[in-house]
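**Q** Residue numbers (my numbering), protein chains in the order written: chain A, 1 to 311; chain B, 1001 to 1424.
Derived from the structure by calculation, the hints contain no laboratory data. Among the clues, some could well be false.
Said to hold, decoys possible - In silico BS3-like pairs for lysine-lysine, Cα to Cα no more than 27 Å straight-line:
| hint | chain 1 | residue 1 | chain 2 | residue 2 |
| --- | --- | --- | --- | --- |
| 1 | B | Lys-1098 | B | Lys-1417 |
| 2 | A | Lys-134 | B | Lys-1383 |
| 3 | A | Lys-256 | B | Lys-1220 |
| 4 | B | Lys-1098 | B | Lys-1383 |
| 5 | A | Lys-180 | A | Lys-256 |
| 6 | B | Lys-1286 | B | Lys-1098 |
| 7 | B | Lys-1008 | B | Lys-1411 |
| 8 | B | Lys-1058 | A | Lys-134 |
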Amino acid sequence: MESLGELFTYFLQNLINALQRGSFYAVISIGYSMVYGVLMLFNFAHGDIFMVGTYIGFGIATLLLAAFASILPGWTIFIGTVVITMFLASWIGVFVEVAGYRPLRSAPRASAAITGLMIGIIFETGILIMLGAKRLSFPPLMESVTYNIGGVFLTNVKVMIIIISLLLMIALQFFIQKTKWGMAMRAMSYDFLAVPLMGVSINIIAPLTFAIGAGLASVSGILYGQAYPILDPYMGVIIGWKAFVAAILGGRGSIKGAALAGYLLGFIEIFVATIFPSTLRDLIAYSIILLILTYRPRGFFGMEHSTKLRL
Amino acid sequence: MELARKFKEMFSTVPMIGWLLGILVGVLIEFYWGYDYISYYLGLPKIPVLFGALIMLKEPLMIPGAIGYDLIVYVIPVFLVARVTTFATNPLATFLEKLPLIVSVLIHLVFFYFILHLWSGINDYRELVVRLTMVSIILTISINVINGYQGEFSCSHPGFMAIGAYVSSILTLLLFTNDKIFGEALLPAYLGPWFFPIALVLGGFAAAIGSLLVAIPSFKTRGDYLAIISLAFMFIVKSAVENLNAIGGARGMGGQGEFAPLWVIFIWTILAIWIIHNFVTSILGKALNAVRDDEAASESMTVKTRKTKMTAFMFGAFWAGVAGGLFAHVLAYINPGMFGINRLAEILAMVYFGGLNSIIGSIVGAVSINVLGEALRPLELFKWIIIPLILIFVMIFRPYGLISFKEFNVKRMLRAKSKREQGA
């Protein structure tokens, strides 16, 4: 880095990369955080829901491209893929809730964590059995265009990922704060024992929460497929655990916190990788998280819940 | 149901030593006639390794043969001998009862080890499964101290295991083996088996010191935040080892000496069960339960919560380190990838399947997940659908695991059984 100007460009370039990476973590970790807010349980299958969502998106995109590529413009196919994938993937979320979490409402928290993990393993293996070990690659839904703004390279895919992720989060915030359903969810996260007595059924709100989380994750999966086109049944594991870490770091049940922590994690990862050898990325990222949690044990926006949790 | 009750009643007079005798006869039959006669006439290619599960899944035509083999070799001799010899084994058990408990337990254990040695000696693969299962037993009991008795949700066990595995491997490689990383051996190789326990214990201590990184944050927080801290610890250990090229980095480290034969692992397993059982039933162990159930109340009852948490973590981590050291010497190769998320899922599965807050539950969990994993191997990928499904059903119907909150009583297990005590 010779001059200050070049250093600044270099910084901006990495900022864009970090924003892109952080967008994935942010959108996925919101799914963890929402489920936590309502049920006080983590949905450990969420990383694999993201993976299944990506595969569904891959299937839909391939189908739509094969059928309509010559008739419709590219952006309609993209929107169609997103909408159909979101709809289908949200049913995966509902399935996880009904099969793995509903029977365990009164069980110890760790048991639900185990069922979540196991459902995740079943998803991974199921995809592997159905599609085999061959690497599939996600079809590009738009032509990649590279812009050069004062030495900073931007692709339209990167910009789209960042903007769509932000839009999704704003829409979710609107849904949570302004609609009746959102109010029910907020109430549930405040007290999930009293709210059912007021006529809001947890058996409707909980699947809804899982469905929204899964829908968000699947859109994130489509975007992920645009940035890193190679699909792999185990892709949800690493990114899922990192998003889970971000959800905790943000403070449990806090959507704002989860999004913020997701971006922070993206920043830490990218900037560590630019300054140090990239093999040290995990080491430094997790050490920073360990430090943050030692001094702020409740995360950024964590509410003071009663400390007496079920086992 | 009626039949099962009658069956149970019929065998209620068999003491532990009688069962052992029955199993011994079964194993001896397999040892002397298993290959030459029984499997030959049943049309099996060789002795079924794990009760014929592998053969049954690979070649469905062999199912009758394998079941017949199991019946002839195991089921019929075991039950027959156990039932028939009650006239002799009950007085024997009464006699053993009069001896000091430790002597009687030792006699049973030696007898049991003899059987295990015979059984696993028939085939190398079987021996490897037995050794790895025993390592898993230590691991599962040690995580039960933290996750069951202490009630945290700790995910750092693969990390502790990795520390133990690496420290003990470095010591034994440095001192007793000529290898690429550390060069010539510093001490003659015959000292190896004597030094090996020290290496294991040092590995355990290293893991215990490492566990402070998780234990100290646990003073302030618990539950999910601690889960993340421990998870971060696990990733940090894995990543640190990957970056240390001096000990092999991501390529791993191999060539550990043959210091962990069956009897060594057996002794360590028994030691672990004995010591951890005594620990959790001691006053300090009861304090773990108190802190788990209500931290504030136990503090007001003069339980030092910080000391208790620290002890639980260090104690659990110590045994995880020992298990890691044994694991490294069983496989004679380790790499950081072995101590990642997959290992964590396996350990958690074993402890939550078996049962929290129970040593016997941990043993059951470790043995069943290991044996199931090996027995279903021919199914390849479908294995990873069946095992998770079984775990989900266990969690739904028995949320605390199969055998939870139960302790075993050695004296009760070993005593003679007469007709009068049936009702009890």
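**Q** For each hint, tell me whether it holds in the structure or not.
**A** These are the hints, each one checked on the structure:
1. B/Lys-1098 / B/Lys-1417: Roughly 14 Å separates the two Cα atoms, so the pair holds.
2. A/Lys-134 / B/Lys-1383: At roughly 20 Å apart (the allowed maximum being 27 Å), B/Lys-1383 and A/Lys-134 satisfy the hint.
3. A/Lys-256 / B/Lys-1220: Distance ~24 Å between A/Lys-256 and B/Lys-1220 Cα, so the pair holds.
4. B/Lys-1098 / B/Lys-1383: violated (48 Å)
5. A/Lys-180 / A/Lys-256: holds (19 Å)
6. B/Lys-1286 / B/Lys-1098: It is violated: about 30 Å lies between the C-alpha atoms, which goes past 27 Å.
7. B/Lys-1008 / B/Lys-1411: holds (21 Å)
8. B/Lys-1058 / A/Lys-134: holds (25 Å)
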